[in-house]
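Add chain A to chain Y, keeping to what the hints say.
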Amino acid sequence: MHSILAVFRRELALYFRSPVAYAIAFALLLFLGVLFNGFIAQANAALSFGSGIPADAGFAPNLLTFLMFLIAPLLTMRLLAEESREGTLEVLMTLPLHESSFIIGKFLAAWAYYTALLLLSLVFYVLQSFIGVPDAGVALGAYGGAWLYGGAVLAITMIWSAVTEDQIVAAFLGSATILVLYLAEIAAIWIAGQGSSSLVADFVRELGLQAHFSVTLAQGIVRAEDVVYFICVIIGALFITTRLVETRRWRA
Amino acid sequence: MIEVERLSKRYGEVSAIRDVSFAARPGEVTGFLGPNGAGKTTTMRILTGFMPPSSGRAIVAGHDVFTDSMEVRRRVGYLPENVPLYRDMTAIGYLKFIADIRGLRDGKRRAREVLERVDLLPRANSRIRTLSKGMRQRVGVAQALIHDPEVLILDEPTIGLDPFQVLELRDLVRVLGRDHTVLFSTHILSEAEQICDQVVIIDRGQIMAQGSPQALRSELESGRPVVLRVEAPLDEALALVSALPEVERAGISADGITATPANPEQDPRPAIARAVLERGWALNELRSVAVTLEDIFLEVAGSHAPSEEPSGEAETLADLMEEDEVSHA
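For the protein sequence lines, the chains are Y and A, in the order given.
Residue numbering for the first sequence follows numbering that gives the first Met the number 0, starting at 0 and increasing by one per position.
Residue numbering for the second sequence follows numbering that gives the first Met the number 0, starting at 0 and increasing by one per position.
Worth double-checking, as some hints may not be accurate.
A few chain Y positions that, by computed beta-carbon distances, are all more than 12 Å from chain A [as the list claims (entries may be wrong)]:
1. 12
2. 38
3. 52
4. 66
5. 100
6. 101
7. 104
8. 176
9. 181
10. 199
11. 249
Listed next, the stretches of chain Y that the computed footprint assigns to chain A, with coverage defined by at least 3 CB atoms under 8 Å from CB atoms of chain A [stated by the list, open to error]:
12. 2-10
13. 77-87
By construction, these hints were calculated from the structure, which means they are not laboratory data.
No experiment lies behind these values; they were computed from the predicted model shown.
By construction, the Cβ of each residue, glycine as well, lies at the ideal position given by its N, Cα and C atoms.
The shape of chain Y in the complex, shown without the other chains (with noise of 0.2 Å):
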């Protein structure tokens, strides 16, 4: 306990100190500004008409999580790339730890850091909340819908960390791999299309991130099946991590 406390300790401040974190954060923002810009834009035309349009509680998280397929593997290619290329990864596994608890706390100094672009980008929740009346039942399903959502695509992308040495290379592959499974929804309409059955298509859509996010958590729908789908990828992800970190010691 005290080891995966003592990495995500380091991660975390490693992450506050580093000007790529808050380039995210900026990124975000801005991008998240300009879109809620053009959306006032709009409901002021729409209320000109003398019909206004309901504020979108999930808009903020909404974007977030198609976001992600950039940011995540921003945030996690040097986890466990970096160690392994300048050696310290040698140090850490001849330490008194098993490697679950280094990925633990790394994995968690993400989602941290992540947890706190979430938080920031509540300032737009709060916004709508003065000029207009957002579902706080949406809210609070789509912001904790994309906390659970970007805990697993941290955790996916931080796969590849582990398989290579080269960072670039692992945000590649992080970024290839969570459009695959953003865009799972798409493969699964055009695999119904083809008159194969229906049990292949739902298998790939609900493989997919989309249909345990957007139909639901976004909606504010919270079922049990979706925050367990989350917690199952966060969970395998890190085993798998695990485990790929484990057979450097029969590789080295």
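Coordinates of chain A only, in the frame set by chain Y:
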């Protein structure tokens, strides 16, 4: 205490080390000596629990490195080759981090203590990337010392240091050797000779010789040629020395006359001195050709090469090696 028994590590067809056996005792510095690629790092990585052996057994600080890896890691301080450190951390921050992972109470105080021990307290708050190579090396040693381990394993700690830093680090290792079991690898022979109580020579994955530097030397010094300089006509002196029954043959070298003893067990110097003085000549110099670890190493490693022609010297060396193998069997 480190006990290694018939340790082997194979990568597919290639053997990194083969049947390595040796012991390192507490309160001693054991030098692990060999050229680059001889298997020093592989052995040390097995001893620190970084990777498992293919076969054989190693007991470090009373625990088996394979079955009881965590206990071994708790009791071993390890400085890997090239001293990997987190460059973005401060020296004190890094050591505190290691102390926390090891679950030491009062990590900050421990970190300050070891920094003091390696004489780096004034730079405690500098980022590691701004430290000189020698200072980084000392941060690495401090990292290995922070939990006051029974066993210290240092992989080429003096590599890349300037001569002054090398001296400092050797002093540190020698002091540490008083109350720890220190295993210390190097490819610099004079270094091993200076600071080690015991030397283990490894080449191409196999132990070639082991013992105290003095023992290794005296073992090889027997049968070594002697050199003498005499105030007399060179050819007369040469004839005199060659005629002695204790001398197998004699020749003229840059140093004077070099004589090879007939019996490696028997020092020919008393006989030579007597004969020279009986003739009334002045004996300016009479010495055995000094053996350094360098010589031992070159001969031990060289005799391993298949192209070596059998000669008088190689025979004594072969004897040495046979003894060595017997003691390991």
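Hints that the structure is at odds with (numbers, increasing)
Hints 1, 5, 6, 7, 11 contradicted; others consistent.
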